[in-house]
Each structure stands twice: as C-alpha cells, then as structure tokens.
Amino acid sequence: QGADFYCFKHNIEPKWEDPICANGGKWTMSFPKEKSDKSWLYTLLALIGEQFDHGDEICGAVVNIRGKQDRISIWTKNASIEAAQMSIGKQWKEFLDYNNSIGFIIHEDAKKLDRNARN
1 QGADFYCFKH NIEPKWEDPI CANGGKWTMS FPKEKSDKSW LYTLLALIGE
51 QFDHGDEICG AVVNIRGKQD RISIWTKNAS IEAAQMSIGK QWKEFLDYNN
101 SIGFIIHEDA KKLDRNARN
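Here this note's numbering is used: the first residue of the sequence shown is 1, the next is one more, and so on.
For the record, the hints were derived by calculation from the structure and aren't laboratory data.
Incorrect hints may have been included.
[Said to hold, decoys possible] The calculated EDC-like cross-link candidates involving lysine to aspartate or glutamate, where the alpha carbons are at most 16 angstroms apart (straight line), are:
(1) Lys9 - Asp56
(2) Lys68 - Glu34
(3) Lys68 - Asp37
(4) Lys111 - Glu17
(5) Lys35 - Asp97
(6) Lys38 - Asp97
(7) Lys9 - Glu57
(8) Lys9 - Glu50
(9) Lys15 - Asp114
[To be verified] Derived Cβ-Cβ restraints for the label pairs, each shown as a range:
(10) Asp4 - Lys112: 17 to 25 angstroms
(11) Glu34 - Asp4: 14 to 22 angstroms
(12) Asp109 - Asn64: 13 to 21 angstroms
(13) Gln51 - Lys112: 30 to 38 angstroms
Beta carbons: idealized from backbone N, C-alpha and C, even for Gly.
Construct the entire structure; sequences and hints are all you get.
Pasting the structure below:
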C-alpha cells in the first residue's frame, strides 16, 4: 500500500526506459512520516528554483509514500559523470539538513536487482 508522486522535467518520463534517464541513477533518502512532507516540498523548491550546481544533470524527483516511512529520490541523467553525481547528492543533503547517509544506485543495477527480486 502507498502512493508514488513524480515531478520530472518537460518531456522526461519517470521510467528507467526513458532515453534521458536510461544511463542515469538516483539518490535516495528515507524519512519518518513527520518529516517527509517538508522534505518533499524543499526538494521540489530546490529543483524548480534551480539551486543545484549540476541541475542540468537532474531528470526529476520521486516520493514513495509507504506505511512506516517515505522515500524521496532525485533521478539523474548520466551516472558516469561522478563529479556531478556527488555534487547533487551533497547539495541535496545540505538543502534538507539531512544527517544520515544517502544512497546512489545506477538505474541499470536497480533493474537487475528488481528482476532478481521477482525471480
């Protein structure tokens, strides 16, 4: 049970298969219920307000609303551009004053893990 909400740039679909997202990855943070609304709002404001130094590398953001905690992800275009990926992750943590570690996964790896989980 839950819901997913997306906010992606024009003409980019929130799918691994979208050609613009295909070579990218995603940064993910987890939040307790009481912090997720504010964190989602601040993530959207940072994206819309073009606050990221490498904002051209960002495809969009996703929030996954679940029972115990929620997840917010920022999807990126080119996972191979490590400096841009690291900058996005560091800036996002700063914008949200997030002190826990965050994870980055390349979409290709996520697809493999998803396939294995179903088998």
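Against the structure, the hints come out as follows:
The hinted pair formed by Lys9 and Asp56 meets the criterion: a straight-line CA distance of about 10 angstroms does not exceed 16 angstroms. Between the alpha carbons of Lys68 and Glu34 the distance comes to roughly 11 angstroms, so the proposed pair stays at or under 16 angstroms and holds. Restraint check for Lys68 and Asp37: satisfied, since their Cα atoms lie roughly 14 angstroms apart, inside the 16 angstroms limit. At most 16 angstroms may separate the alpha-carbon atoms for a hinted pair to count; Lys111 and Glu17 meet this at roughly 10 angstroms.
The hinted pair formed by Lys35 and Asp97 meets the criterion: a straight-line CA distance of about 11 angstroms does not exceed 16 angstroms. Between Lys38 and Asp97 the alpha-carbon distance is near 11 angstroms, which keeps this suggested pair within the 16 angstroms criterion. A hinted pair counts as satisfied when its Cα atoms are at most 16 angstroms apart, and Lys9 with Glu57 qualifies at roughly 11 angstroms. The straight-line distance between the Cα atoms of Lys9 and Glu50 is roughly 12 angstroms, inside the 16 angstroms bound, and the hint therefore holds.
Proposed proximity of Lys15 and Asp114 is supported: the alpha carbons are some 14 angstroms apart, at most 16 angstroms. Hint check: Asp4 to Lys112, Cβ distance near 21 angstroms, so the stated range 17 to 25 angstroms holds. Between Glu34 and Asp4 the CB atoms are about 20 angstroms apart, so this pair conforms to the stated range of 14 to 22 angstroms. Separated by about 18 angstroms at the C-beta atoms, Asp109 and Asn64 satisfy the suggested range of 13 to 21 angstroms.
A C-beta distance of roughly 32 angstroms is found between Gln51 and Lys112, which places it inside the suggested range of 30 to 38 angstroms.
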